[in-house]
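**Q** Residue-level listing of the chains:
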Amino acid sequence: AQKITQTQPGMFVQEKEAVTLDCTYDTSDPSYGLFWYKQPSSGEMIFLIYQGSYDQQNATEGRYSLNFQKARKSANLVISASQLGDSAMYFCAMREGSRSGSNYKLTFGKGTLLTVNP
Amino acid sequence: DAGITQSPRHKVTETGTPVTLRCHQTENHRYMYWYRQDPGHGLRLIHYSYGVKDTDKGEVSDGYSVSRSKTEDFLLTLESATSSQTSVYFCAIGIGTSGSTDTQYFGPGTRLTVL
Chain X
1 AQKITQTQPG MFVQEKEAVT LDCTYDTSDP SYGLFWYKQP SSGEMIFLIY
51 QGSYDQQNAT EGRYSLNFQK ARKSANLVIS ASQLGDSAMY FCAMREGSRS
101 GSNYKLTFGK GTLLTVNP
Chain F
119 DAGITQSPRH KVTETGTPVT LRCHQTENHR YMYWYRQDPG HGLRLIHYSY
169 GVKDTDKGEV SDGYSVSRSK TEDFLLTLES ATSSQTSVYF CAIGIGTSGS
219 TDTQYFGPGT RLTVL
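So the sequences go chain by chain: X and F. Per the working numbering, residue 1 is the first one in the first sequence, and the count goes up by one each step. Per the working numbering, residue 119 is the first one in the second sequence, and the count goes up by one each step.
No wet-lab data here; the hints were simulated from the structure. Backbone N, C-alpha and C define an ideal beta-carbon position, used for all residues, glycine too. Hints are not guaranteed to be accurate.
[What the hints assert, rightly or not] Example chain X residues on the side facing chain F (calculated, C-beta under 10 Å, incomplete):
(1) F35
(2) Y37
(3) Q39
(4) S42
(5) G43
(6) M45
(7) I46
(8) Y50
(9) C92
(10) R95
(11) K105
(12) T107
(13) F108
(14) K110
Isolated chain F, as found in the complex:
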């Protein structure tokens, strides 16, 4: 158990509303990631963080922002949700000696539906 929780686990929202998903870890790992999973696409990286206030974009970052004000929390925000952002969102933490060699362990996921 890598000590990762995600909240909420399920959310239904309407197009145009802001949504924030939270990822919390209990072990002070430096690297954290947000992925989305869609049928036929596997998982795709949205944003990642390599420390407090240090974040960078992944391959599908449009429409998403992130923040990391504390080591243990990594927030993903959809400023104005769209139906194309209906997905399952996974947070992951990197456990190892550095970001480039870490193994990523995943949280339980958040199922988001945008109507």
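Chain X extracted, bound-state conformation:
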């Protein structure tokens, strides 16, 4: 079974509108972290936002927020006021915390390609 599932291969949004990118995860570890990365067409991987499994509040970083629903095992990325420069591939990733050796590995989803239309 996949540990990170991103069900939207592609998404389109109008400039200045908000968009939600879905991510569900699967783990039995009580301690884990969830990450979102952006990969523009130039290829670099850019860290956007982090949510820890014990964090009480949803993480926010500027226009990015993470809608963390622990019971549903979802960690959706919300981008407010989309900009043309937000067009990129977005990856959700998880690090499981307690098993020896596994806590250094990020497990990535397959990504969602977001296109922002003017």
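Take the given structure of chain X and dock chain F to it, following the hints.
**A** Quick look at chain F alone, frame taken from chain X:
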């Protein structure tokens, strides 16, 4: 900018030849990682290092070896390249207080083609 460089940025080689990719960081972070990115797979961990001469395998380590003789450099070696190792290789460093809580920041990537 996390101060990570990778070299070379692009390489074309032939099956059976050895290849070494270099990751260099400027800030003396303890944890470094090598990932590969392939279409339909996201990124997958090859090897990681938690200090000088301290390395361990990731989920796709077969056919790869690593070395870390200095804090700032983490080398990935393909002893005998195969076409299945054609990929984009990313180095990452962990920035934080420990390996298990670090946020990983990525280098620019190396595109390797094995003919």
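**Q** Hint by hint, say whether it matches the structure.
**A** Going through the hints against the structure:
1. F35: holds (7 Å)
2. Y37: holds (8 Å)
3. Q39: Since the shortest Cβ distance to chain F is 9 Å, the answer is holds.
4. S42: Hint holds; X:S42 Cβ to chain F Cβ min 9 Å, cut 10 Å.
5. G43: holds (5 Å)
6. M45: This hint holds: X:M45 lies near chain F, its Cβ roughly 4 Å from the closest one there, short of 10 Å.
7. I46: holds (8 Å)
8. Y50: holds (6 Å)
9. C92: Nearest chain F Cβ about 9 Å off; hint holds.
10. R95: holds (8 Å)
11. K105: With a minimum Cβ separation of about 5 Å from chain F (threshold 10 Å), the hint on X:K105 holds.
12. T107: holds (8 Å)
13. F108: Holds. Min distance 3 Å.
14. K110: This interface hint holds because 5 Å falls under the 10 Å limit.
The structure meets every hint from the earlier list without exception.
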